[in-house]
Structure formats: C-alpha cells, structure tokens
Amino acid sequence: MIGSQLRDLRSTVNGELTKLRRYDWRAWFAAVTDYVVRGIMAGLSAGELRAILRGDAPTEKPNPRYKAQVKSFILHIRPKYYQRGSTWFTHTWRLGWFSTYFFIVETITGVILMLFYAPTPERAYGDMLLLLSNVPFGEFMRDMHRLGAEGMVAVVLLHMVRVYFTGSYKGERAFTWFTGVILLLVTLLLSFSGYLLPWDQLAYWAVTIGTSMAEAAPAIGTEVNLLLRGAVDIWAGGLMRFYLLHVLLMPLLAIIFISVHYYKVAREHSISLPAPIIEGDMPAAEKKYQEERIDLIPNLIIHELMLVAVATFLMIWACVTFYHAPLEQHADPQITPLHTMAPWYFLWLQGMLKLGDKAWTGIIIPTIIFAILFVVPWLDRNPLRMARNRPIGITMGILAVILTLVLTYMGLPQYGIVTPPAQDILSELVPMTHPGPVRAADWDEIETTEAGEKRTYFVSYPEWMLEDERYADKDKYVFIPALGEEFEDEHFAHNHFLEIMREFKADVESQATLIPPSDRPLAQVTVEYSQPELKRLEFKIQWLEFETDPRTSEVIIDEEGNPVFKTKLDSDEIAVNEQVQVVALHADSEYEH
Amino acid sequence: MIRIEITLGLLATIATVFLIALYGTREDERMSTRARAYDVRSVERGAEMYEQYCASCHGPNAVGGMCPPLNEYSGLVGGTRGPGIAWRMEELGLDRTAAYEYVYSAIDAGRTVSSRPWRWVGNRSAGNEGVMAMPAWGQNNGGPLRPDQMKDIANFIVGFDDFVPTDFAEAEAWLAEIQADPNIEMVSVYDEPGAQAEPPSEDDPIAYGEYLFGTKACNTCHAYEPAGSVANACPPLDGVLAIAAERVADEDYDGAADSALAYLRESMLDPGAYIVPEYRESGSSIMPNLALTESETDSLIAFLTGELPEGFEAAEEPEDEEEATESEEDDAASEDEDAASEDEASEDTEEDASDEDEEADEESDGDEEEAEDEDEE
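Sequence order for the protein chains is V and U. Taken in order, the first sequence gives residues 1 to 593; the numbers are from this note's numbering. Taken in order, the second sequence gives residues 1 to 377; the numbers are from this note's numbering.
No lab work stands behind these hints, which were simulated from the structure alone. Hints should not be assumed to be uniformly reliable.
Said to hold, decoys possible - Listed next, the in silico SDA-like pairs over lysine to any residue satisfying Cα-Cα at most 20 Å (straight line):
id, chain 1, residue 1, chain 2, residue 2
1, V, LYS568, U, ARG280
2, V, LYS358, V, LYS264
3, U, LYS151, V, THR120
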C-alpha cells in the first residue's frame, strides 16, 4: 500500500500543483477582501466606498448606504439625511458640529497630557515644566489642548447665540435647548476646572477668585466653598477635586448630554430649516428645492471629513506659529499678582462683581440669568421664527449680547481699578506674571561697568545732577535723555534697552502724582554683575506727594501760594516715597513668550 | 462639490503632515533651549528671592555680613569676609560637586549653631542664645519656603562657583599669585584661607585690636577703612573718636559716658545703653554684648583711634601714607564726620604710630574724608 502511494506521490503532487496554478487566486483574494471590508464598513463594499468618495451613485441595488446606518453603531447615531436648506453654511455656521469636534480634540489631547501630569501641589508645576522642556511635542500638545478649550467655549457660546437668533429652540426643540444650556454649563466648568491644573499664579488666583464667589452664596456658601476646594483655601484638596472634575465627572456629563442633545437633533426634529423658507415668501419651486434631501453618505460625510482636515490643519498651524499657552510662576498663596484676571468667558462675572455685593452680583443674579436661559423656550410664546416676526425676541437677544460685552469689558483689570502709578509703571517694565519688555531685551544691551561696581542709569533727574562732578564718570553714570533728544554717546543710539528706559522716563514724568524730588533722581536703574552671567537690575522710583485735605482731597497751599509737601510722621522732614523692584537677568535666559 | 471638498481635505491633510514633520525636526533644539531657559530662570528667581530672604544676613550679592559669605569672590581676591562655598566644602572635606546638596540642606533645615562662632554669630547674639544660628527656611521645618523656592535659591548660590577654578590646587596657585602681586591689596593675614598666623600679643595693642576686630566679627557690621570692611548695617567707625565726641555732646544721648573715649567704652561693653537714632528703626538686631575683657577693650579702642592706651610706647616711626579718596553718598549716617579735632591732642596718650598699621587722622576738610593706605607684610 505504501509502495503504491509512494509510486503515485509524484503524480499526486504534480496534480495538486496544477490545481493550485489554475486556481483563480485573484477572485479568492477579492472575495476575502470584500468580505472583510463589508464586515468593517457595515455592509459597504470597497467599490461602494470608492463610489462614495467620488460622489457617484450607489453601485448596487438595493442602496447599501442607508442599510449601513442601521448596521453600524457609529453611523446609526447620525441622521440619514438633512434637508438642503438646513445645510446652508450661513444658517448654522457648523457651530454645533464644531462643538463636538473640539470636544473630541480635547479628549484626545487631554488623554495624552494625562500621561505627563500628576495633580498634587508638589508635582504639578514641575510636571508642567518638564512637559514643556522634556517631552517631545509636549508644548505642542499643551497648546493644542488650550486652543481647543478656548475654541470649544467660544463655539458653544456662539452656537447658543445662533440657535436663539434663528428661533430654533421653539416647539419640539425646547427640550433640546434645555439640554444645550446644561451643556453650556458643563463646557464652562470643564474649562474652569482645567484652568487650575497648571498650578501657576494665573491658574491659582483666577480660580481662587472664582471659587470665592461660591462662599458668598446665601446659607450654603461655606459648605459649597469647602466642597469645591476641599479646604478653606485652595491647595492639595482643591487641585485633586478640580482634576477629577476635569477628567472624570465633567467629561462623563458631557458625553451623556451630548448624546441626549444630538439624538434629538438626529432622530426627532433635525436641524431647523432657515425660517425664511418656512415663513417667508420664497417661490414654491425654490422651496421644494431647499427641502430636498441631502444624504449623509456621501455628501455630508465628505463635507465633515473635509472640515476635520481643514480645522485640524488650522489649529496645528496656529500652535506651531503664534499660539502658545502661558505659564507664569509657581502658584503662591502669599503673593497676589497685579491685575488678576478671570478667563475671558468669565470676565462678565468679574465685571458684575465690581458693581456690588458679592452675594448679589456673584451668585444670585448669575443664577437668575441661567435660570432664565433654561426656560427661554417657555418664556417665548411667539411660535414664529423669522426675525421680522419676532421683534421682541430679537431685541432682547441683541440687548443681552451687548450687555454681556459691556460687562466683559468691565471685567478687564483696566476698568475700575486704580493702581498706584509708581507700582503700575514698574509692573509694566518688569511684571511678575509675564516677561515684559526688560526681560525680553537683549542681555548684552543691558550694559554695566566692571564686576564689583555698578552702573546707574538716571532715568529722570533734576537738572543740576548733569553738572555735578560726582556723576561725571560716564562709565558709572548714564543720564537718559528725553524722547526726541539724542544720546551723547553714539554707542547708545541703537540700544533697545535704552529705548525702553526712554519710555520709562516719559511714563514716569507724565504722572502728575509723582512729584520729582529736588535732591535726587525721580527714577533710576542700577545694573551690576551678581555673577559672571547674571546681572542684577534695581529699578527705583522716588517721589514726593502733596499734602491734601482729607475731606476735600484738595492740595493744601501755604501762605506763599506753594503747595505743601507731605512730611514724615512726627517730623518736618519731607517724606520721600519709594518703589523698588529688583530683577535678576541671566545671559542664557529666553523670554520670547 | 464633493470633488472640491475631497481635494481640499487631502491638501489640508498633506499640509498637516508636512507641518508636523517640520516642527518635529526642530523639536530637539527647542527642548534643550527651553530646558536651559528654565534652569536659568531658576537662578534668576533664586537671586531675587535671595534679596528678600537672605541678603540681610549674608550680605548683598552674598559678600557676607553677620553670616558667612556665599560667593567665592571675597575669599580669593582680597576680601575680608572669608572663604565662600567652595573653600568651605574643601575645609570640611566634602566633594565640591555636592555643593548643591550642601546649600539646599542648609537652607531647608538651617543651622542650630554657628560652626565658627568667633567669626559668625548669625542670628544668635548675647541674650539670644536660644534661637538657631541660621533659621530653617523649609516649610517642612517650619519655614516659609517651598521646595521649588529653595531649589531656586540653591541654584543661585552654587552659581557663584563660576568665579573659582574647580581645581583646588589651581585655586591655591592662583591665590598665591594674587598674594605676590604688589598691585592687589590683601587686607589682613587673617583673611587668607588656611593661614595659621599667630595672633599678636596684647603687648602690641593696635595689632591686637586689629586681630580682635576680625575675630570678634566687628568687621561684619561696621565699616572701618583700616580693616577694609565696608559693611553698612551699623554705624561706620572711621573717625570714630570725633563721632563719639559729638554723640556724647548730643542732646539725645542718654547713656552714662562723659567723654568720647568713655562713650566708646560704653558702646563696646554695654551696647544697649544708647542706640544712635538713625539705626533704631533699621530692623536689624542691636550690637551683641561680646563680653570683652579690659585689655581687649583697650586694644580695640587703640585700633579704632590709632592711639595707644596708657602705658604703652610707640615702637617705630610713624609711616604716614594718606590718600584722599571720594566717598559715596549712599550711607545715611556719614554726614557728621568732621569735627575740629586735632589728631594728637587727645587726653592722656602720647602720640605714636604703630609699626605696620595705620593711624587714624582726622582733619576737617570741608567735604571729604580721607582714607589710609594699609601696608601688609
């Protein structure tokens, strides 16, 4: 038996080989591929996909495209079609779509960033520094995340405004509006909780101010404050709670409510048709055209893919070129920076706080505002959506927008807050929170004399000092001329640091309340070497003040008609006020942004 | 329309890929520049914090004061304070590379006692022995500073090592060169690191006074030209006899002295008896009681005034070298320097000059004060 099988072996093998050679491998391969593709793409074949991307008609009957939306989880969430009118770009501006887009971008960048960050005060700031200097694409990821956050808040707000002005909250869309306002709150809280995580001065103080409003709530204020912060002040407890809010609770709520919100749009009432089509005097043929269906596959999907590509490109381009998220100094509860500012979307709240009592303007009125927002569809009894058919609604909307913008402006630090001029001027030259012009200047241009000696730049000084022999040494004493006059020394002409000094001079001399003393300079800067690569700069403003009547705030004049200077306590000696700021600058420091 | 959108989308995707690739090629350089920038910002912040927390004891730019200098400069180039961190590490037998840890732990935990109390009293002074010589700054030890702040300050302090060659033998050779250079002044033999000079005997009051001026740490607070000290935390001692005469005559004075010399004695033996008004509000501690003996007090006065106490005779001819220099306007209390005192006409002492040391000469000149030149060794 074996013998006969062995004898036949050669021919058996040959026979099998021939069968293999003659087998239609191409067809087999095509069949397998087709099977796999259809399995993944919910019944759409490769040829069908090609037709979709080309904009061609379906390749088989029955149309497999609609069926795909029944078979696929991801596709089943989308509508099968929209009416042409509701896809006008200028009707929706794709704002709702962009809200979701940004949420997805934030989730992806956020998950990547989570790898490099731990939410404890001991580690948080150090982790930020490492992220920016030690993780490849770390700065890029962070900037994308920040840009996406700003974009998401902006787009969600604009979406709400759009829906209001197109009246797309009425009738069956009322509940969708309601969930939308919830989503607005969730977005604002997502952004606010993320704001604290870098644990720098900007984050710490913005959030301290924000949460301090919670304390002002009547009856429950203290408990709410403790709940948010985990302690009376923000430190480890607050950071951990905000982190968990930011990466767990808020995203969960967002996903739930986005699902509820979008399900209504996709399944129940669709995107609204622009009101002119329904209520306006559009000719019937045009109306019919605008009511025609635009299929999700291929038209809307291709459009959305294009939007993804273009929007992502624009975001990446922005982050690579000009957009960089700031990082200030380590959070310090002992030092409040000048001009603390809420994030821009809360400036309106900061503006309101300047108007009155914290409990009213910080808690009660904003709660009322949001309560009104929630019930807008039920307050508005007018069933019509076209602008000219709802004068009251449109007017209220415009007023609300204007009011918000005004309040936002009032929230800026320049409004309503008076900073003493000397402190203000120095904080512009060498601010605490960002580099400022002096730190950004070229180190070599901030010239000084040899090590062990110091050079003094007299920025604003009484005339007699120019002639005084004590200050004749041109290496140690430099007198800054006014803008418009030339430096004596040619060498100084193109020095950018000295240009800054000239502006300093102009600033300090234009302040009416900074009265120059007659025996010393009003403003000066001394520069010396601390270490071979480290320069120490000391900015000093010394000024006199006039005595004023405490009741009328008028300057007191003496018998000869001269104003009286303020004197030291219990003394006749004129009081000289001083504002000093010391800054150290290293040769290798890099301060671009 | 679909074709246009597809084209646009594809172009955007390709552009994105290019952009990321371009960014990626520069990423290494960006990261290393940024890392260096952050290290350097740490030094800058450390320098700024130094001013706020450390300068009151360790002096501006770490030149030293009540407490040791932290820069290398003063120890090497003729300063009077003493060795800086590098020298200290060497003295202690520690590796120079451990300087950061050394400095950080000193900041964090402080120092309970001064390791060289004859030189640096630190925070402890007579009547105040309970406190730490250097306070603990770390939050874990009860102080105000966070770990990142202490790291910044330590980064700043170890940055002074740029002045010092890292090889200690090289540094010593360099120092020897400086000492041999006639153009560079070394103020006192007792400032040389490692010097084991015999202290002068009490038979030579002015020299002994100079020795005491250093070892009792007077030079860490008081400016006095012959000792080369420029500290301005406390009243300057140049022309002190004339100043003392004025103080005694001043209405404000409420101590027990009735003459300039008695005033000087009182200042040294009972510093709290009277504090000059300009220095009352300065916030720094008053002069500690140094528990001086009679002969120590005599020697110090001899050094300060240039006049030998009773019973001593001059050994050599005076060497008179004077130079008029300009003084700076910075010190608050240096206005009333000149009285009309003649130099030799003090009460019961003969006029002599010291062998090597200087003589305090007061001549009212109308504007400037004169400084003496010291000749050492």
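Right, here's what the structure says about each hint:
no.: 1; hint: V:LYS568 <-> U:ARG280; result: holds, 16 Å
no.: 2; hint: V:LYS358 <-> V:LYS264; result: violated, 39 Å
no.: 3; hint: U:LYS151 <-> V:THR120; result: holds, 18 Å
In this structure, the one hint that does not hold is number 2.
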